[in-house]
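Note that the protein sequences, when read in sequence, are chains E and A. Quick note on the numbering used here: the first sequence kicks off at 1 and runs consecutively. Quick note on the numbering used here: the second sequence kicks off at 1 and runs consecutively.
Honestly, the hints are just simulated from the structure, not real lab data. The beta carbon of each residue, even a glycine, is placed where N, CA and C say it ideally should be. Careful, some of the hints might be misleading.
[Claimed, not checked] One-sided and incomplete, this derived list gives chain E residues near chain A with beta-carbon spacing under 7 Å: (1) L102; (2) T149; (3) V151; (4) I271; (5) Q272; (6) I322; (7) V324; (8) V337.
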Amino acid sequence: MAKPYHGMTRRYEDELRLFGSRSAKVGLLLLVVAWLFLPQLISGDFWLSILNYAGIAAIGAIGLNLLTGYTGQVSLGQAFFLGCGAYVAAKAGGELNLPLPLWLLCAALFGGVVGALVGPFALRLRGNYLAIVTLGLVFLGEHLFRNLTGVTGGSSGTSVNAPTNVGVFDVNDATIAGTIWSPNQAWFWVIWALVAVVALLAKNIVRTRPGRALQAVRDRDVAAEVIGVRLGTYKVWAFALSSALAAMGGALYGSYQQFVSPEEWTLFLSIQYIAIIIVGGVGTIFGSILGALFLGGLPALIEEYSESIPGVQTSASDSGFISVASFNQAVFGVLIVLFLILEPRGLAAIWLRVKTYFKAWPFSY
Amino acid sequence: MSEFLQIAFAGLALGARYALVALGFVIIYKATGVINFAQGALLALGTYMTYALVNSAELPFWLAVLGGAAATALVGAAIEALVLRRMVGQPVFAVIMITIGLLFFIDQVITVIWGFDALNLNDPWGVETIDVSGVTMSVRDLWTLGIAGFVLAAFFAFFRFTDWGVAMRATAHDQEAALAQGISARKVFALSWAISGALAALAGVTLAAGAAAVTPGIGTVALLAFPAMIVGGLDSPVGAVLGGLIIGLTQALVAGYQDDVAPWLGDGFSGVAPYVVMILILLVRPYGLFGTPEVRRV
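So that you can see chain E by itself, here it is in the shape it has in the complex (with noise of 0.2 Å):
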């Protein structure tokens, strides 16, 4: 009998398989050796800074991803509940001193919570009004987050002081086998390992029943309904759990950087956690990761290299007719538009395709 074409799947099972193919296998060993040196290759802090801020959105961007691509539920209020779990880092890890993993879930737990709470609006509400609804969230967030003092020490902000160990490994004095190693580098092992939990965990929901039944709701909900999914059940389930990324995600962020002011948690960040999904791939888990990724690095490398692009001021003297920052924006609507426009499917769709072109090769046309 002849071998089949080794990418054919036969029976339904292979095709959910996560890890099936041997080219996954490969790719999976290939991340996680990616993921044990990288840190020591680029021992860069700038470099490292900036991997590590990706992998803390690529956390939100995951749950935000499940809400807006898999559920298709609109939400513009992700940047409220990154502050929810900023402050809870603050809070729980900070003043009572609760070790690293119990002060993320307490965070996790704090933005489920409050995730769930704002769900049942969007039980009633539906695309546009549901968007505006969760504008007016990230505007009353940030009115509470300057007004509750006591918590989150106003519109001057409050350190995040957290535990940053995990059992005997502290992030900011790491030392294995008699080499010290930055915090920026321990952080990197932390931040990612979570950022593939994380993805694992989303990308097991979205291959089971809870993720069809997800995706069935975002297609069409009344035929979802009919056919048996419950949609406030799933509706609400899927805001808690977007909203306890995105605390969990807050919460690493203000204890990577030690501070957190109400500044941050404004609509911006929630449109960029939005570009993010859009231009890595909605409804992919590996396009958050792509776009977080993306968005990280661009405005850092825009920064860095801003002498060389025509056109864009790097000091009151030079002649150059936009800022950097306004740079850095224009540059972020252009992206959105064009991705939109161009390639809704983001960079994801690109790889896949690169992917297939290869995979048949020298037969692709």
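Place chain A on chain E using the hints.
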């Protein structure tokens, strides 16, 4: 009492501006089913163009206002033709995001051309006030109410009595049936964007006149017109105007009395009060005061 009247009057003037912006939202939404987040950018652009016409081209103020509104109308129609037309049939989420992308882009274009400084519009109204039996009203607010009232009446007459107005209403009601009657949906779409651009420009000018100034952040007022639109109902022009007035009054009254009545709500609560009103009304009426409940068909 006179203090109350004074606050209420300022609130109504503020509400009139929200009504102009919210009516722009509703017109675009009814015609094309798009919520235009870039309305704030159009508002800022219109204000800056009027500023340029007054101060660089040295036109008389009223002519500059008309010119600014017309130019913004053109920009609106151009955006529709170049960008939004490609998004017909795309999911709600994608269309919302594309207007947000435009918002960021246009805002930056504005700062590139005019910089970040606060500019004086040089309007004839200035900071003058009129005193009517103890109630002080600023001339700017009187003009705002006058302009808004006139423009809103003109637009309602336009929708009611002209061929184009009827074409727009027909398209909003049933796009396919309108197409079958020979109405060009493209022209209607472009016209709705043009009208809402002109409305935004007028709102911006009345906002930047008087003691206020033209600043890059002026477009953020459009974010407060969202609650106005939602309170009235997404697809109701009358609702948008009423919603605008309700939100404006709420904001002014909260700003005036919150310190005495409910200081525990925190500083600057008037800035978020519109959103609270919006959420409360949506809890009772999920489609706003005048919105059409959505019929869900299988």
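Taking the hints in turn, this is what the structure says about them:
1. L102: With Cβ-Cβ at 31 Å, over 7 Å, it is violated.
2. T149: Violated. Min distance 9 Å.
3. V151: For V151/E, the interface hint is violated, since the closest Cβ of chain A sits about 13 Å away, which is over 7 Å.
4. I271: holds (6 Å)
5. Q272: violated (10 Å)
6. I322: Holds, about 5 Å.
7. V324: violated (11 Å)
8. V337: This interface hint holds because 4 Å falls under the 7 Å limit.
Comparing the model with each earlier hint shows violations of hints 1, 2, 3, 5 and 7; every other hint is respected.
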